[in-house]
Structures are given as structure tokens and as C-alpha cells.
Amino acid sequence: MRTAFIETLFELAQRDERITLVVGDLGFGVVTRFMQELPKQFVNAGVAEQNMTGLAAGMALSGKIVFTYSIANFPVLRCFEQIRNDICYHNADVKIVAVGGGMAYGSLGVTHHATEDLAIMRALPNMTVVAPNDPIEARLATRAVVAHAGPCYLRLGRAGEAILHKPTVAFQLGKAIRAREGSTLTLIATGGLLQNALQVADILAHKGIQARVLSMHTVKPLDCAAVLAAAQETSAILTIEEHSVVGGLGGAVAELLMESDVPAVKFKRIGLKDAFSSTTGDQEYLRSVYGLDVAGILRTIEETLAI
Amino acid sequence: MAMRVYPYGTKHAPEMIADLSRRAYEFRIQVLQMVYAHQTGHLGGAFSSAEILTALYFHHLRVNPADPNWHDRDRLVFSKGHACAMLYTCLAQRGFFPVEWLMTFRELNSHLQGHPERQKTPGIEVPAGPLGHGLAIGAGMALAARLAKSKRRVYAILGDGEINAGVIWEGALVAAKFQLDNLKVILDYNGVQQTGTTTKVMPTEPIADKWRAFGWHVVEIHGHNVAEILDALDHADEIHGKPVIIVARTTKGKGVSFMENDHYWHGSPPNEKQFQAALGELQEAVARWQN
Ligand SMILES: Cc1ncc(C[n+]2csc(CCOP(=O)(O)OP(=O)(O)O)c2C)c(N)n1
Ligand SMILES: [Mg+2]
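As given, the protein sequences belong to chains A and B, one line each in that order.
Taking my numbering, the leading residue of the first sequence gets 1, the next gets one more, and so forth.
Taking my numbering, the leading residue of the second sequence gets 308, the next gets one more, and so forth.
You may find that some hints are simply not true.
Unchecked claim - Derived contacts from chain B toward chain A, CB cut-off under 7 Å, selection only:
| hint | residue |
| --- | --- |
| 1 | Pro405 |
| 2 | Thr411 |
| 3 | Asn416 |
| 4 | Ser417 |
| 5 | Gln420 |
| 6 | Val433 |
| 7 | Leu438 |
| 8 | Gly468 |
| 9 | Glu469 |
| 10 | Asn471 |
| 11 | Thr502 |
| 12 | Val508 |
Worth flagging that the hints you see were computed from the coordinates, not collected in a lab.
Values in this document were obtained by computation on a predicted structure and should not be read as measured data.
Note that the Cβ used here is the ideal one computed from N, Cα and C, for glycine as well.
All chains should be built: construct the whole structure from the sequences, respecting the hints.
Shown next as C-alpha cells:
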């Protein structure tokens with residue numbers, strides 16, 4: 001996803017000199033071409049995320065379209081006040097990019113796991129929150145956030161994610177992609193877990209259970225119509241995210257369902273329990289420990305629905 | 308078996324200095340093996356702090372591996388957490404945990420994670436990973452030590468990219484405000500950060516003047532010279548009424564010619580050929596210090 005993002009941004013920036021990339025001493029080997037060929041559109045703010053975010057706000061308030069770029073939760077946590085007050089309150093045109101969302105930086109430890117970012121960013125007025133599920137979505141999301149005037153948070157994976165969509169897939173911020181038709185239950189995935197959701201759906205299909213699978217790449221604004229349709233047309237909704245169950249995709253869907261007049265639909269948030277992911281290991285291992293691999297997701301579905 | 312310790316107060320005899328200098332290269336070999344075996348980890352910043360950590364753990368620090376939480380121990384805050392492979396190596400050799408753990412670095416369920424955590428590893432005082440936290444935490448520990456009328460000292464090791472972070476300078480202000488002379492910063496001034504030299508990414512000169520202006524006592528040394536490190540640490544104990552910063556001029560990747568001063572080696576593991584070449588150079592350095 002990282003490559004898809006930077007290639008797309010580079011193409012766009014070549015044609016639009018307002019596009020500026022501000023990094024926090026990160027992106028070695030990734031942003032090199034951008035830095036060398038578009039030096040006037042590139043700033044390295046040092047290991048200083050508040051500085052990076054403040055600079056971005058100032059430039060955006062002066063007419064630029066600014067991307068801040070760092071890894072995991074660095075572009076979000078320390079500079080949160082700048083994001084809220086300097087960017088969101090002014091609806092400044094800053095796009096915050098986090099590479100390695102979730103537990104992509106596995107054995108670097110809890111400090112490098114971005115597992116509350118969706119909840120935190122979703123709470124901010126004016127903020128659009130996007131967590132693509134594959135490199136195609138990452139590419140299309142990069143274009144979409146440039147076209148969208150106002151603050152966006154783009155939470156990317158790291159590298160090596162499988163391609164799940166055709167390049168021509170219809171992509172729109174705030175509009176879920178129906179990756180699989182189904183009428184028994186609905187799986188809604190975000191931030192790189194679509195692949196596991198699709199594999200779970202395959203296994204369920206063998207058991208005669210038809211799972212609808214939605215890619216909810218935009219967590220805010222949520223595609224309410226897609227969720228409500230799922231609630232009416234299928235008997236259960238399960239959200240899947242590499243993020244705390246508190247306040248992310250699962251939280252957003254729960255809020256919507258509780259306030260809408262749909263008949264009782266079974267509902268479960270699949271994500272990280274409200275605890276630190278403190279086991280040491282790579283992303284694949286951590287997903288298995290915390291029940292986010294295919295087997296773990298399947299287990300939760302079977303327990304929830306008693307199937 | 309833990310290595311010989313030269314307790315705090317021991318005279319800095321030439322044999323002791325040679326012994327510690329040699330160990331710093333042996334520890335680099337250990338770190339090289341850890342990073343090579345798992346193809347992940349940070350060599351550059353680990354190599355630049357080898358002598359500093361060796362001098363602290365095998366002479367200057369008053370710590371007790373048998374009782375890692377002894378309340379009057381000196382505190383070492385290793386704020387540039389990414390370079391922890393060298394810290395782990397010193398802790399293991401000092402007897403805080405079995406040396407066998409070292410080769411599990413970053414493995415599944417290992418005690419030795421990619422960034423240090425006190426919950427996981429004996430001897431670690433504070434977690435580090437997101438850069439910039441260490442100085443304020445160190446100031447808090449120093450203030451607590453003073454309030455407790457304890458003689459324990461606090462050492463914070465910072466990176467020169469790390470001091471880009473504003474919170475470092477907030478910590479610098481507060482340490483001066485409280486005249487925390489039991490707080491000593493060692494700045495690993497290797498001139499390189501993650502994406503380039505500090506000159507290019509974020510210039511910090513004139514570094515000594517900056518800290519002096521913030522109310523600190525500044526000592527500048529050659530950070531790979533064990534004798535200078537030991538003397539500076541002693542000197543820092545003599546300073547009263549001010550926090551002390553030792554600006555240790557180091558070389559990122561020190562000890563392996565092709566890694567020195569090149570930000571590529573900030574976080575990239577070596578391939579087999581590079582590993583062998585690096586190993587050869589470090590073994591030669593060990594041999595030099597043996598004679
Ligand atoms: C808050 C934060 N931002 C970014 C990073 C990513 N990062 C890890 S190491 C590093 C460079 C550190 O350079 P320096 O302090 O000079 O360390 P050294 O040269 O001693 O390795 C960066 C940017 C981080 N760990 N924390
Ligand atoms: Mg450095």
C-alpha cells in the first residue's frame with residue numbers, strides 16, 4: 001500500500017504544484033524520488049511530529065494541499081492537538097498519512113502499534129477517515145483525498161498486501177465496496193482485513209452460509225446506507241478491524257444500528273479487546289494471537305452465531 | 308557468567324580502559340549477529356553508543372542485577388530505544404538476564420522486543436520507541452530522587468535526531484529550573500538520523516551553546532574514547548546546581564568502515580557478504596585492543 005500511495009502522490013504532485021509532502025524524518029527509500037524530483041514540494045520536518053503538523057497547517061492555510069507522512073501512530077498521537085485545532089477547526093487541506101496501521105510493525109512493540117487511531121481521528125469534526133483494504137484502494141483513496149477539500153486521515157498498511165480488487169473498481173469516499181454478494185450474514189472489513197474476510201466467506205460458503213462482504217475503506221463518513229441494507233437483508237453483521245473494538249469501525253456501525261429502526265440484527269465487533277497488544281511477534285503472528293487471522297475470525301463468528 | 312565489573316570509584320587504569328574498549332567491540336559483534344540472524348534491527352545507532360553503554364554498565368552505574376528494582380539504583384533512561392540491541396547486550400553481559408536471550412532478539416514471544424519495555428526485560432527502566440520521551444521522564448526521576456534525599460543518579464541517553472522533538476527542550480527547561488544536578492544527559496552526537504545527516508535533515512549546531520543557553524553544564528568529548536567517557540562521567544558528578552549534558556561526538560555505524568556515517572545503516576540489516584565483512588573488521592578491532 002505504501003508504494004501504491006507514494007507512486008500515486010508523485011503522479012498527482014507532478015501535475016499540481018500545490019501538493020506538498022511533509023515528512024517527519026521517515027520514508028527512507030520510499031519518498032526519495034519525490035524528494036529529488038519535486039524538491040520545492042517536499043519538506044523534512046525532522047523527528048518532530050508537532051512541528052510537521054504545524055508546518056502542514058500553515059502551508060495549507062496558505063493555499064497548499066499538504067500531506068504529512070510518518071509511520072504507525074506517530075503522525076496522530078503527539079500532534080493530536082495540532083490536528084484538532086490547527087487543521088480540523090479550520091478545515092485546512094491537510095492529509096495525514098500513517099504507514100503501517102494496526103500491528104504492521106509487529107515486533108517493534110506496542111509503541112509502534114496504531115490500534116486506537118481510527119477511533120481518535122473519527123472523533124474529530126471535519127475529519128474524513130480512510131483505511132484502505134488493498135493497494136488498489138490505497139491508490140484510489142490517494143486520488144480521492146486530494147480531490148476532497150478538507151482534512152483526511154489515510155491509514156495504510158505497510159508493504160506486500162494482496163491485491164483484492166480490479167483496478168477499475170468503483171471507488172468513492174464514504175461508499176462501501178461490495179466485494180462479495182450474500183444474504184445470510186454480512187462481514188464488514190476495514191484497514192487491510194478484507195482479505196481475511198473474503199477467505200472466511202469462502203469457508204462459510206462451503207458450509208452453505210452466504211456471507212456478504214463489504215470493504216468499508218471509509219470509516220468516516222460511514223456508508224450508512226450499506227450498513228442499513230445489510231441489517232435489513234441479512235441476519236447478522238460482524239465488523240472486522242485491526243484496531244481496538246472501542247470506537248473504530250465496530251463502534252461506528254454499532255452507533256448507527258442502535259439509533260436506526262431496523263429489526264433486531266445480530267451484531268459483533270471483531271477487533272482487539274480493550275487491552276494493549278503486548279505480545280512480541282510479527283503482524284501475522286499477532287493477528288493469530290488476537291483472533292484476527294482467518295481461523296480466529298471464523299471462531300468468533302461461529303461462537304456469536306452458534307453455527 | 309557475568310563479565311568483570313570495575314565498581315564505581317575504581318581508578319581508571321590503562322588496563323581497565325583497554326578492557327572496556329575491547330568489550331565495546333565484542334558487543335558490536337554480538338549486536339551484528341542479532342541483527343543479521345533476524346534480518347531486522349538498528350545497527351548504526353547501536354554501534355555509536357557502544358562505548359558509552361559499556362562505560363556506564365561496567366563501571367559508572369550503581370546497579371545490582373540481582374536486585375534490578377533496588378530503590379537506590381542509578382537510573383538509565385535509554386531514550387533512543389530503536390538502538391536497544393546494544394543495551395540488551397550490556398544488560399545481559401552485566402548479569403541482568405541470561406546471555407542466551409540475546410539471540411532471541413525480536414523473535415515471537417521474546418523478552419527482547421524491537422523496542423525496550425520494562426515489563427519484558429529486567430534492567431530496562433522505561434519503555435522507548437517514540438522518540439523524545441526520555442528527558443522529561445529522566446527529569447521526573449531526578450526530582451523524585453532529590454525529594455527522597457537519595458544519592459541515586461539519572462542518566463538519559465538521547466539521539467541527535469531525537470532532539471528535533473520539542474519535548475526534549477521542554478525537559479531541558481524544567482531540569483534547569485529545578486537545578487537537577489543528579490540528571491546527566493549523554494547525547495549520542497553521531498550526526499546522522501533516519502533519512503540523512505542532521506545537517507541536512509535538521510541542523511542542531513551550535514549544540515553546546517544551545518544547551519548552555521538553556522542553563523546546562525556542557526562537556527564535549529570524543530564518544531568512542533572510553534577514558535574520556537569515564538572522566539566526563541566523573542566530572543559530571545562534581546557539578547552542582549545544574550544539570551549536565553555530555554555531548555559525545557560519535558560515528559554512526561562506528562567500527563565497520565562501510566557502515567560509518569551512512570544513514571542506510573540506520574535500520575537496514577546486512578546480507579551475508581556484508582555480515583562477513585563487518586564481522587572481519589570488528590574482530591580485527593577486538594584483536595587490536597587485546598594487544
Ligand atoms: C516520535 C518518533 N518519530 C519517528 C520515529 C522513527 N525513528 C526511529 S529512529 C529515528 C531517527 C533517530 O535518529 P537519532 O536520534 O539520531 O538516532 P541514532 O542516530 O542514534 O540512531 C526515527 C525518525 C520514532 N521512533 N519516534
Ligand atoms: Mg543520530
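Hint-by-hint comparison with the structure:
no.: 1; hint: Pro405; in the structure: violated, 17 Å
no.: 2; hint: Thr411; in the structure: violated, 9 Å
no.: 3; hint: Asn416; in the structure: holds, 6 Å
no.: 4; hint: Ser417; in the structure: holds, 5 Å
no.: 5; hint: Gln420; in the structure: holds, 5 Å
no.: 6; hint: Val433; in the structure: violated, 11 Å
no.: 7; hint: Leu438; in the structure: holds, 5 Å
no.: 8; hint: Gly468; in the structure: holds, 5 Å
no.: 9; hint: Glu469; in the structure: holds, 6 Å
no.: 10; hint: Asn471; in the structure: holds, 3 Å
no.: 11; hint: Thr502; in the structure: holds, 5 Å
no.: 12; hint: Val508; in the structure: holds, 5 Å
Going down the numbered hints, you'll see the structure goes against 1, 2, 6, while the others check out.
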